[in-house]
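*Asks:* Protein chains in written order, with my numbering: chain A, 1 to 442; chain B, 1001 to 1143.
The reader is advised that the hints may include incorrect statements.
[To be verified] Selected chain B positions facing chain A (Cβ under 8 Å, derived; list incomplete):
#1 A1015
#2 L1017
#3 M1020
#4 F1036
#5 A1037
#6 G1077
#7 G1100
#8 L1103
#9 Q1109
[As the list claims (entries may be wrong)] Restraint-style ranges between C-beta atoms, simulated for each label pair:
#10 B/S1085 x A/E122: 21 to 29 Å
#11 B/R1098 x A/G93: 28 to 36 Å
#12 B/D1083 x A/Q241: 40 to 48 Å
#13 B/P1032 x A/D287: 48 to 56 Å
#14 A/D236 x B/G1019: 29 to 37 Å
#15 A/K305 x B/S1129: 37 to 45 Å
#16 B/S1034 x A/E122: 49 to 57 Å
In short, the hints are calculated from the structure, not lab data.
Glycine is no exception: its CB is placed at the ideal position from the N, C-alpha and C atoms.
Now for the letters of each chain:
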Amino acid sequence: MKARWGFGLASLGLVLAAVAASMREAAPAYARYAGQTEPVRLIPSLTGEPEYCLTCHQGIEEISAAHPVEVFGCVRCHGGNRISLDAQGAHAGLLGGGNPSDFSVVDAACGGTECHSGEPTEERDHIARSITSVQSTYAGAIASVRYTFGAQPDPTARYGILAVSDPLITTETGVPTIAAFASIVERDPQAVQDFAAECLTCHLESEPRAGSGYQRLTGCAACHSPSGLDGAYLGDDPTIQADEAGHALVHRLTTAIPYTQCDACHNRGNYDLVTMSFHERTDLPPDRRAPRDQDYYQPIAQFTKCEWELDCVDCHTSQEVMGDGDLHSSKTEVQYIQCATCHGTTDDGPLTMMITDPDDLALRRAQLNPVVNLQVGDTVVVTVRGEALWNVIQQPDGRFVMVGKATRMSYDVPLVKGSECEQDPAKQGSSDCHVCHAVERP
Amino acid sequence: MRLVSRAALWLTGGASLVGMLQYLSYETEPPPQSIFALGTADSYGVGSATIIPGARAVLYREEDGFWAVSLVCSHLGCTTEEDESGYRCPCHGSRYDRQGRVLNGPAKQALKAAWVEADADGNLVVDISREAPEGYRFDPSPA
Chain A
1 MKARWGFGLA SLGLVLAAVA ASMREAAPAY ARYAGQTEPV RLIPSLTGEP
51 EYCLTCHQGI EEISAAHPVE VFGCVRCHGG NRISLDAQGA HAGLLGGGNP
101 SDFSVVDAAC GGTECHSGEP TEERDHIARS ITSVQSTYAG AIASVRYTFG
151 AQPDPTARYG ILAVSDPLIT TETGVPTIAA FASIVERDPQ AVQDFAAECL
201 TCHLESEPRA GSGYQRLTGC AACHSPSGLD GAYLGDDPTI QADEAGHALV
251 HRLTTAIPYT QCDACHNRGN YDLVTMSFHE RTDLPPDRRA PRDQDYYQPI
301 AQFTKCEWEL DCVDCHTSQE VMGDGDLHSS KTEVQYIQCA TCHGTTDDGP
351 LTMMITDPDD LALRRAQLNP VVNLQVGDTV VVTVRGEALW NVIQQPDGRF
401 VMVGKATRMS YDVPLVKGSE CEQDPAKQGS SDCHVCHAVE RP
Chain B
1001 MRLVSRAALW LTGGASLVGM LQYLSYETEP PPQSIFALGT ADSYGVGSAT
1051 IIPGARAVLY REEDGFWAVS LVCSHLGCTT EEDESGYRCP CHGSRYDRQG
1101 RVLNGPAKQA LKAAWVEADA DGNLVVDISR EAPEGYRFDP SPA
């Protein structure tokens, strides 16, 4: 009799298991995303290997025109298990969580000689440049603070957020190697230790400060995947909660970087190096939703109108922002764009270059962000280091016109030469221009 | 009780059978298509260049026969598009002439030539998985 009951219960259990399995088959876990009940297969032409990520991430935005999903798919950059249909299995081995551009995984995710770790001569060394840049190493700030508090005899960079070496120094100010700051900070004066504890939230590998206005991702995405004030995702991927912080606005990589993205670090307030604490700007609304003219850059500094009407990337070049490949001891060693770069001097117009090579880097950059229809034969402004400002083009009548990389707005660029400017030829720095041209923001 | 047990047994057996049939009838998804039918040779005039969208290739007919060029960019595999000088990659800007030779990078290698031949019925087909040697031409006229 007991055996019969046991048999009956076992049979019932089997029936229930079979029913549960059938129901699960009919309504798989991924079906909760917009009701998708069939797996979505994609075979990216670059890998030729089927992947099923879009089964759940249906509707997600294409990351950029340079990375079409039918060519790259998802796994080439994000890693993970391409054939798993449950979130846990699919995300096993994901590179950098949701952010494969984090510097801890960026080589595996974005590297490759044809991608972002190619030759410097072809300007394909984006990863190496970014990792050695002062925005990543924070070596300038660290050296400056250690020097100020007597921990080192001069302000030359010795330490960075991570240990990095540069086998090929191309500038007079480049240093060959820096060690990890964390490896020695315990032996430094207390003030430097406080600096290490309280003031390292700006570099590209750090998590941003909490709160509205500070949101950004890490690594390349810190700049190239713009975030909203609260870090909420506003795109169409149904797997991401709309009220969850820590995301870019949408799944996007762009070189059309708005000033608001730079503001996430550069317009938040200041570190007080006496108390080693961060002081928020107090002239902005608490939620940081300020109009452009109030939001732009530090309120203590003088700026001309173009500096808050334009976006930072309209003037500051790739080598300034992402570095020139060398390890530097101060941002001043790589930050060299001046008013004269575009406006010239009382004696000369800006430096220019006619594009003659169809492989010119300026054309490649304009292709990535086609706010101008740049062609071979066009003349563009170049910096003193020869880097093209490809969005500042000389017109047939000799005028120079800048097109905003993020706004697409056109601006006539007035020249100093021939104007009423009475500038001292020996004083050509931007600060000299600000003496007359700084404006009261409305 | 016996009735209940038997019913449960039948149900279990039935459910298992359904599962087994589902398993056995599962069709794996076909591999990506590599051979594309192009119709009769007469459909293409001498001097014509016809883009075969599904194949991501362009079919040329010249005096000495048919040949095809893959439109897959040799840089990273995006599909190139026609422009005034030939083909241009919308992803990274590589440009090629009509023969598929590189005009500007980042691509360093020419577009691949694809294999053109006739099927058993004498209709043209292009096989994009098979690279044709340089200068390859397919002449559909009987020898």
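*Asks:* If a hint holds in the structure, say so; if it does not, say that too.
*Replies:* Against the structure, the hints come out as follows:
The criterion of a C-beta within 8 Å of any C-beta in chain A is met by B/A1015, whose closest approach is roughly 3 Å, and the hint holds. Contact between B/L1017 and chain A, as hinted, is not supported at the beta carbon level, the nearest pair being about 10 Å apart and thus beyond 8 Å. At about 11 Å, the closest approach between the beta carbon of B/M1020 and any beta carbon in chain A exceeds 8 Å, and the interface hint on this residue is violated. With a least beta-carbon distance of about 15 Å to chain A, the hint placing B/F1036 at the interface is violated under the 8 Å criterion.
For B/A1037, the interface hint is violated, since its Cβ never comes within 8 Å of a Cβ in chain A; the closest pair sits about 21 Å apart. Checking B/G1077 against chain A: minimum C-beta separation of about 4 Å stays under 8 Å; hint holds. The interface hint given for B/G1100 is broken, as the beta carbon of that residue sits about 16 Å from the closest beta carbon of chain A, more than 8 Å. A least Cβ separation of about 6 Å between B/L1103 and chain A falls short of the 8 Å threshold, and the interface hint therefore holds.
Hint status for B/Q1109 relative to chain A: violated, with the closest Cβ pair at about 11 Å, above 8 Å. Remark: the range hint 21 to 29 Å for B/S1085 to A/E122 is upheld by a beta-carbon distance near 22 Å. Taken as a hint, the range 28 to 36 Å is violated for the pair B/R1098 and A/G93, whose Cβ atoms sit roughly 43 Å apart. The beta-carbon spacing between B/D1083 and A/Q241, approximately 43 Å, falls within the hinted interval of 40 to 48 Å.
As the Cβ distance of B/P1032 to A/D287 is approximately 50 Å, the hint placing it in 48 to 56 Å holds. At roughly 35 Å, the beta carbons of A/D236 and B/G1019 sit within the given window of 29 to 37 Å. A hinted range of 37 to 45 Å is violated for the C-beta pair A/K305 and B/S1129, which are about 59 Å apart. For B/S1034 and A/E122, the hinted distance range of 49 to 57 Å is not satisfied, since their beta carbons lie about 32 Å from each other.
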